[in-house]
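Undergrad: The primary structure of each chain is shown beneath.
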Amino acid sequence: MATTRLNDALLVSRAALAGDREAFGRLVERYQSPVRRLFLHLTGDEELSKDLAQECFVKAWLGVGSFRAAANFSTWLYRIAFNTFHDNNRSRRPTAAEQDAFDTPATPREIDSALDLGRAVLMLKGRERQAVLLYYVEDMAVGQIARIMRVPSGTVKSHLARARAKLSKYLTGYEKQ
Amino acid sequence: MQLHTAFDTLKVELPDNGFSERIVRMLPERSPVLPQIIVGFCSLVGVALAFLLVGAAELTERMVALTGLLNVQMLALTEALSRMEPLAPTTTALCVGGAAIAGLIGVALGRWGYEI
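Residue numbers (this note's numbering), protein chains in the order written: chain A, 1 to 177; chain B, 1 to 116.
Be careful, since some hints might not be right.
Think about it this way: if two alpha-carbon atoms lie no more than 27 Å apart in a straight line, the pair counts; the simulated DSS-like pairs of lysine-lysine are [unchecked claim]:
1) A:K157 / A:K169
2) B:K11 / A:K157
3) B:K11 / A:K125
4) A:K50 / A:K125
5) B:K11 / A:K166
6) A:K59 / B:K11
7) A:K125 / A:K166
8) A:K125 / A:K59
9) A:K169 / B:K11
10) A:K157 / A:K125
11) A:K169 / A:K125
12) A:K50 / B:K11
Please keep in mind that the hints were generated in silico from the structure rather than gathered at the bench.
Work out the full structure, taking the sequences as your base and the hints as a guide.
TA: So this is what it looks like as structure tokens:
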């Protein structure tokens with residue numbers, strides 16, 4: 001982990017000070033999979049996730065001069081990803097039906113026909129979805145998630161608790177069928 | 001079903017398939033001139049301070065003497081240095097101090113300078 005951080009810092013320095021595209025390209029290679037995976041599970045749309053990942057890396061390149069080595073690069077990159085996702089969300093407001101869908105108790109027929117875990121995650125609210133994916137898929141600690149989302153750790157825990165309750169309800173209901 | 005286990009199914013590695021290459025190709029130009037200006041400026045300040053504090057004549061004389069010793073007599077560097085008269089403590093302190101000031105300016109500008 002320390003070696004990765006040092007390597008990231010060296011590559012970022014070269015990208016920031018010398019405009020070294022090759023160095024930045026190595027960072028993209030290292031983080032393209034987790035970033036694309038995050039967007040894929042956030043949006044459920046493969047093409048949109050590629051576009052958002054692309055936008056995220058371009059923003060990172062343009063802002064690399066403002067990267068502070070006090071935070072590690074992955075935290076900084078995920079923060080850009082977080083902002084990119086929310087900017088995209090703002091430009092496409094979910095319908096009232098989508099907002100309320102998860103709060104409506106599902107009938108057995110609905111559970112049976114609907115949701116594997118990936119689609120269940122898509123039914124979560126944006127911040128709950130992000131917290132869940134960073135915690136369970138990207139294996140991040142609550143503290144790191146809090147820094148990425150720029151909220152207190154307690155808020156992250158609340159998001160996770162609500163998300164767990166919702167997901168458990170659906171998964172339990174799905175298993176009983 | 002434990003949630004942690006359930007989420008293992010989502011932990012897929014996505015193959016690059018040229019994605020990174022496409023990203024690098026589409027990156028807009030960045031030419032970080034400011035860091036190069038900062039480094040160049042600090043170098044000039046260091047050299048200027050050395051000449052100002054030590055004196056051009058003495059510095060030049062010592063550099064020529066050192067070069068001459070190495071080239072003509074092909075002595076080891078330590079032997080060549082041992083034949084030179086040591087700098088006065090004051091001169092040494094001024095050289096070190098000047099280099100330190102230039103270095104601090106460089107670090108400060110490098111740390112905050114490219115926010116400008």
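Undergrad: Each hint should be assessed against the structure and marked as holding or not.
TA: Against the structure, the hints come out as follows:
Note on K157 (chain A) and K169 (chain A): the hinted pairing holds, with a Cα-Cα distance of about 18 Å set against a maximum of 27 Å. Of the pairs offered as hints, the one joining K11 (chain B) and K157 (chain A) holds, with about 21 Å between alpha carbons and a cut-off of 27 Å not exceeded. Between K11 (chain B) and K125 (chain A) the CA atoms are separated by roughly 21 Å; this keeps the pair inside 27 Å, and the hint holds. A threshold of 27 Å between alpha carbons decides the hint, and for K50 (chain A) with K125 (chain A) the separation of about 21 Å falls inside it, so the pair holds.
Proposed proximity of K11 (chain B) and K166 (chain A) is supported: the alpha carbons are some 20 Å apart, at most 27 Å. The straight-line distance between the Cα atoms of K59 (chain A) and K11 (chain B) is roughly 25 Å, inside the 27 Å bound, and the hint therefore holds. Using a Cα cut-off of 27 Å, the hinted pair K125 (chain A) and K166 (chain A) holds, with the two alpha carbons roughly 11 Å apart. For the suggested pair K125 (chain A) and K59 (chain A), the alpha carbons sit about 25 Å apart, so the restraint of at most 27 Å is met.
A distance of roughly 22 Å separates the Cα atoms of K169 (chain A) and K11 (chain B); the hinted pair therefore holds under the 27 Å criterion. This hinted pair checks out: K157 (chain A) and K125 (chain A) have alpha carbons roughly 15 Å apart, not beyond 27 Å. Simply put, K169 (chain A) and K125 (chain A) have alpha-carbon atoms about 15 Å apart, close enough for the 27 Å limit, and the pair holds. Among the hinted pairs, K50 (chain A) with K11 (chain B) is consistent with the structure: their alpha-carbon atoms are about 17 Å apart, no more than 27 Å.
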